[in-house]
Structures are given as structure tokens and as C-alpha cells.
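Colleague: In case you want the letters, here they are:
2 protein chains.
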Amino acid sequence: MEISCPKPYNEYDKIVLAHGSGGRLSNRLIHDIIISVLGETYIDSAHDGAVLDIPGKQAFTTDSFVVTPLFFPGGDIGYLAVNGTVNDLVCCGARPLYLSLSLIIEEGLLISELVSVISSVAKAARIAGIKIVTGDTKVVEKGKADKIFINTAGVGSIPEGRIISPHQCAEGDVIIITGTIADHGISILSTREGLSFDSPIRSDCTPMNEIAELIFSVTNDIHVMRDPTRGGVASALNEISHTSGKEIIINESDLPLNPLVKGACEIMGFDPLYLANEGKLLVFLPGKYAGRVLSAIRSHPYGRHARIIGKVTGDEPIVKMKTLVGSTRIVEMITGEQLPRIC
Amino acid sequence: MEISCPKPYNEYDKIVLAHGSGGRLSNRLIHDIIISVLGETYIDSAHDGAVLDIPGKQAFTTDSFVVTPLFFPGGDIGYLAVNGTVNDLVCCGARPLYLSLSLIIEEGLLISELVSVISSVAKAARIAGIKIVTGDTKVVEKGKADKIFINTAGVGSIPEGRIISPHQCAEGDVIIITGTIADHGISILSTREGLSFDSPIRSDCTPMNEIAELIFSVTNDIHVMRDPTRGGVASALNEISHTSGKEIIINESDLPLNPLVKGACEIMGFDPLYLANEGKLLVFLPGKYAGRVLSAIRSHPYGRHARIIGKVTGDEPIVKMKTLVGSTRIVEMITGEQLPRIC
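Those sequence lines, one after another, are chains A and B. Take 17 as the starting number for the first sequence in my numbering and just add one per residue. Take 17 as the starting number for the second sequence in my numbering and just add one per residue.
What the hints contain is simulated information worked out from the structure, not anything from laboratory work. Treat the hints loosely; a few may be bogus.
Identical copies carry no separate label here, and so any pair may be met within one copy or between two of them.
Subject to a maximum C-alpha distance of 25 Å in a straight line, what follows is the list of computed PhoX-like cross-link-like pairs (lysine-lysine) [as the list claims (entries may be wrong)]:
#  : residue 1 : residue 2
1  : Lys304    : Lys30
2  : Lys139    : Lys336
3  : Lys163    : Lys23
4  : Lys158    : Lys30
5  : Lys304    : Lys147
6  : Lys327    : Lys338
7  : Lys304    : Lys158
8  : Lys304    : Lys338
9  : Lys336    : Lys158
10 : Lys139    : Lys338
11 : Lys336    : Lys278
As the structure is a computational prediction, the values presented were derived from the model and not from experiment.
Go ahead and model the full structure; you've got the sequences and the hints to work with.
Modeller: Right under this line is the structure:
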């Protein structure tokens, strides 16, 4: 995407400490760059806070993003920061409505890079139909941050009748994943390592709100939704299993995997079960709805590769996998460091 | 404050990258340290988001905190992160209810320092009566952040009848400040420069929600409230003046100033009008309520030094000050860098 700097900035201009002083330069940065690039995705409150009017129950969530590199195939830190928080709201059963945007910028960041990132924030907000209503900008000295860190917090409304929580996980639940796993993790890692494949492996970074609404159009009787980000499907399933005290069994042969990602995992020695996804949902629901929900998910471009991958089988907090060779192994929670700064 | 590390951590233990991996070590950090130290100020949702039920209108705000040093007389980055967001909610006319807490930690941070910071978060949340309901923790490599950055986002409820906004600023409004100015700025700066005075200059870092409720107990007809943080009273007044298009005149002789802070400003060559406050409100209101509101504010320990400092005098976006020598000067918005990383 070709991004041009808003005047009077040019391609060599950089962020300086005074952009974070709270004075005139801060104001210019906020108005001439951030608000101007956000366009209609930003609602100005002329306040240090926004006034909302959400009837019923609200969902509230936050994430800080420190991904490196800032730009990767399929997205960048701005695109990720919006989608990550949108997807956390979705996993509460909410319709995402409002977002805060808080930037910690390292002195010396190119203003053109900032403009690129903010353009991606606007693009993601447009796609997810969410508005940015409040924010904050800080600048720290060179060497005291890594280019830019972004925090987004999100607020959404939860329609009546939706109770989505790991505590709802019940024996007999069928588990669906909305598409291929490990795409984001491999995209970041191969970019970072400078590995090249026939075609670049793209992150799956996308908003899941439309898929969620398709799911709820079938039934509100959904038990758990979780986006398997940092730590991957293995960590997400373990968290759900330990919170609910339920046994989960998945089938390795049912895990959707892009062949390129599979190949990259083999080359680099990574288990795709532990790699991050940024545009996938794990959905736990009563088996009687599974077929119709699966069809609904597959009707969406982001859900074409959705699969049933397992079910909830008992009252013990453990995650197991039937492997390709027919044995059963325990899927542990990741213990050490696999991939730092993946999101 | 003597803080001991929760077992099994000891005083030499440090944060490692794996604490941010989303796996078992992340879980331990979150449960054994963060949630355990937050105690009853934390409400667990077992989710990546919280479900709230706030009737009527909601206020929503965010701030990232990058203050250096982390610990200063009168507070630390954790205490500041809660109070800063509480006070932004207050300035929307809201009762602060829920907070998110997002940490970006540099590898190598002492776990004992993290525990100190989180203890202060809990202390501030207790005083302000706000609950932490969702959060996030990231770890970045040594040299890629500066010990710890904290983002808090806040949600509050706005009682009916309160419309607080810079757009409400009206000719004839009286302007009250709830206490002495520049305390936070001078506290940070003198700590940073290693200056010592007869007694240390303490930051005014405090939650303003009780004072706000005292103000609203007199009348809901309050026009503007603003906490003059980064950029100080001068920047806050300029923002209000430019948003509303109104002329503001303040009297230098009415500005409450701790004599120690005044002396430090003279020694270091700073204008207290531009220095940050973290426990003060500027209140714009119709003159007829000014006396009763001033008394209400002064009845609170944090409001003993409240003063009327000026008024709104016309339809031109400009801020002026009657100086001690009797002349009138324009109070400009700060242009360059005065104090980086003050909050």
C-alpha cells in the first residue's frame, strides 16, 4: 500500500520527544496525522474520554501489541491491534462498538511509518465496523521502546441470551475451529528470519465479528468462543479445560493446516498447535447445532476451511490429541518461550 | 512500603521473555503475582474480556504511562496509572467503575519491583473504589522498553443530568482549581535530577472522584472539568479555550503554589503553569454556584487549597493572565519539549 505523509510532513520526518509533550507539537501530531488518517473511523469527543450509550450488557477488553517486525505479510501492528481487540470482544459474545487507541512511540520513528500503521488501524476499524473514540500518545527516548507499541481497549454490547464463557464448557460439546492454524505465527517468524517461500505466508489477521454473527444466527446456545492467539490452539484449549475442569480430545487429522505452513513448521521445528492465530475462533457448542453452525461459518470468506476438530469428553482438566499414527498424547500447555513478540 | 515477593519468587528473581509467551510461565506470573497482589480489587472473568452491566450512559477513556523514574515521592507508575484514568473518567462527569490493566515489561525487571508497582495499582484502586476486570501482559527483550509501561483503560457510569464538556464552557463561568499546581512535575523532575530539598516534594497523584461527587452534590450544572496533567494548567486552559472558542483570564496571584515548589521552579527555571498535576481538577461553572462548590471542595483533604483562579470573559479563543506586577500577558500553549515522560 502506498501511503503518503499528510502535509507539511515529508518522508524523512521523524518523531521527536516534543511530539509527546502535551503541547502544540503533540496537538499537531494528533490532529494532522492520527485523527486525519483515521478519518470517519474516529469520533471526536473533545475530551480525555468518550461518552457512550450502550443499553444492556457491555463487554470490555484490552491488549497491548509489541509485535516485531511492525509490518508482515497480511498485516501490521495497527491492523493487528484493532483485530486482536475486536476478536476478544467477539469471544465475550459481544458486538464490537468502540475502541481506544493508545500509542507509545520511540523517538526517531519515521512519520511515514506511523502513517502506515494508523492507516491500517483505520482500515481494520472500517472492516470491523468499530469506531475509535478516545486515545493517548506518548513518546519515549530512542532506545527506550522498539519503534511503536499500541494498546487498544474495546467496548461492545452483548445481545440478550448470549452467555459465552469457559465455565459454560460442557461434556458432549463439539469443538469447531473456523480455519487453518498457525498462519500468523509462521508469517511473523518467517519474516523475522528472512525465510522465503514460493509465495509469502500471510498472517490470518482478520476481524471475526461477521463470522460470530453468522454463528449466532443459528443459535445463541454457544458455550465457549476463544481466539487462539499467543500460545496457539494448545494453550487456548488448556485454559478452557483448566477453567472448566473438563477433558478435551482433538484429532490431529482434523486440524486444518495450509501446506505451506506445514512445510515451514517442519523446516523450522515448530509445532503448529502452539503457534499464534489472529483470525480464528475456537467454538464450543452442543453437538446438535454443529452441522448448521459449521455451514454458517463456511459460508463466510474467512471461514471456508472451518472444521470440527474434537469434543469435550469428561470431567478431568486435561487436553488430549489422537495423533495421525493412532496413538493418544497429552497436549501440554507451553512451558518456556516459543515465540516472543508475536502480537 | 516494604513489599515481599509472593513465593516461590525471591528478591533476585527477574522477568524473563518466557513470562510473556502465553504459556505456563505467563499463567504463573498472572496468577501468582498480578492477580494475587491485586487481591479483592480484581474481578476474574476467566475470559480475555469482562462482561459489565452499566445502565445509562458510560464514559470510556485510556492512557499509557511511561513515567521515569518508576518510583517517586508520593507515588509510582502503578499508582499514577490508576489515578490518571480515574481522573479522566471523573472529567467526563462519570463515577469510575471498571479498569483494564495492560503491562509491557522489559526482560530483566526485578519481580520485586513489579510486585511494588502492582501493590500500588491495588492501593489506588481500593481508594478510588474501582475494580480491575481485564488485562494483558507482554514481555519485550532487554533494551526494547524501559522497565515497565502501563496502560489503563477505564469505564464509568454517568449519572443523568451531567453534561461535562469543553463545549459547555460559557461566558461568565468561574474557574476553580482544586489545589496547588505543579507538584507532580516538580516531584518527578527533582527526583530525576537528584535534587534534594529540606523535605522531598511529593507528587499530588490522587484520585479525584470523591471531590467530584462533592461538587455534584451542590449542582449538576457544571460546565467543564479537566485534570491539568501533561502540559499543566496552561495547556489544559488553552485546549478548553480553543475547543469552545472562549476567552479565559486567570490571575497569577490566585494560583495556589506550595512554597517549596515555587522555590524549585525558580531554581530550575520552570514555569509552574506548564508543569503536570496528577491530583487536581479545573472546574468551570456558573458564578452563582462558585461559593458553595468551593466550600464543598475545601471540605475534602485533597481540596483544602482550592481557589477561584479566573473566569471566562469573551468569545475569542485566547488565554490571558493578570500577572503579579499588574500587566496582562497571553498564556501560550507549550510549543517544544519541557518535561518528557512525566506520566
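Colleague: For each hint, tell me whether it holds in the structure or not.
Modeller: Evaluation of the provided hints:
Taking the shortest Cα distances, Lys304 and Lys30 never come within 25 Å of each other, neither inside one copy (57 Å) nor across copies (49 Å). For the homomeric pair Lys139 and Lys336, neither the shortest alpha-carbon distance inside one copy (39 Å) nor that between copies (42 Å) is at most 25 Å. Within a single copy, Lys163 and Lys23 get their C-alpha atoms as close as 22 Å, which meets the 25 Å cut-off; across copies the closest is 35 Å, which misses it. Proximity of Lys158 and Lys30 under a CA criterion of 25 Å is satisfied in both settings, with 11 Å inside one chain copy and 24 Å between copies.
For a Cα distance limit of 25 Å, the shortest separation of Lys304 from Lys147 qualifies neither inside one copy, at 36 Å, nor across copies, at 39 Å. With identical chains, the CA atoms of Lys327 and Lys338 are at most 25 Å apart within one copy only, with a shortest distance of 12 Å there and 74 Å across copies. For a Cα distance limit of 25 Å, the shortest separation of Lys304 from Lys158 qualifies neither inside one copy, at 57 Å, nor across copies, at 51 Å. When the C-alpha separation of Lys304 and Lys338 is checked against a cutoff of 25 Å, the pair qualifies only within one copy, where the shortest distance is 23 Å, while the shortest distance between copies is 76 Å.
Neither within a single protomer nor between protomers do Lys336 and Lys158 lie at most 25 Å apart by alpha-carbon distance, with minima of 47 Å and 36 Å respectively. Taking the shortest Cα distances, Lys139 and Lys338 never come within 25 Å of each other, neither inside one copy (40 Å) nor across copies (48 Å). In the homo-oligomer, the alpha carbons of Lys336 and Lys278 lie at most 25 Å apart inside one protomer (21 Å), although the nearest pairing across protomers, at 67 Å, exceeds that limit.
In this structure, the earlier hints numbered 1, 2, 5, 7, 9, 10 are contradicted, and the remaining ones agree with it.
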